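Engineer: Sequence:
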Amino acid sequence: MFSAGETVTVSRPGERDRTGDPGPATTHTVDGCAITMVDTTDAVTRNDTRASGERRSSVITRIELLCPPGADIRSGDHVIVGGIKYRVDGQPWPVHSPFTGWEPGVVVRLRGVSDAA
Numbered sequence: 001m002f003s004a005g006e007t008v009t010v011s012r013p014g015e016r017d018r019t020g021d022p023g024p025a026t027t028h029t030v031d032g033c034a035i036t037m038v039d040t041t042d043a044v045t046r047n048d049t050r051a052s053g054e055r056r057s058s059v060i061t062r063i064e065l066l067c068p069p070g071a072d073i074r075s076g077d078h079v080i081v082g083g084i085k086y087r088v089d090g091q092p093w094p095v096h097s098p099f100t101g102w103e104p105g106v107v108v109r110l111r112g113v114s115d116a117a
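Count the sequence shown with the UniProt record's numbering and you get residues 1 to 117, in order.
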């Protein structure tokens, strides 16, 4: 899609067996993606599991991918972008122009949470 676009890795949880245990995850790549920053937020939460009741800082980051038409990314997948693992946030949306029928690609919102430094 984008000649100088990024390659991302998609990790999909494995199918569950008859006892409900997940099978091995599968991975594949999607080439030619554009990446945009949506927002990033510092979040402070109280960790009641610690005896001292310490507060914990996290960074929540949301990014958006524009992938080529037909990109195989689903809700529930994890996507690795620039070495950082994100989770698909919501349902990927194939863009379609009602005027021309043009389908430029699939918009995928991603959300990542990491410990603050």
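Hints are computed from structural coordinates only; laboratory data are not their basis. Note that the structure is a prediction, hence the values are computed from the model and not measured. Virtual Cβ for every residue (Gly too), placed ideally from N, Cα, C. Check the hints yourself; a few may be wrong.
[Unchecked claim] Using C-beta positions, here's what the derived DEER-type ranges look like:
1) Thr27 x Glu64: 33 to 39 Å
2) Glu6 x Trp93: 14 to 20 Å
3) Arg55 x Glu15: 24 to 30 Å
4) Glu103 x Gly20: 35 to 41 Å
5) Glu15 x Thr41: 20 to 26 Å
6) Thr40 x Gly20: 18 to 24 Å
7) Thr27 x Asp89: 32 to 38 Å
8) Val113 x Glu15: 33 to 39 Å
Engineer: Checked against the structure, which of the hints given earlier come out wrong?
Structural biologist: Checked against the structure, the hints that fail are numbers 1, 3, 5, 6, 7 and 8, while the rest are satisfied.
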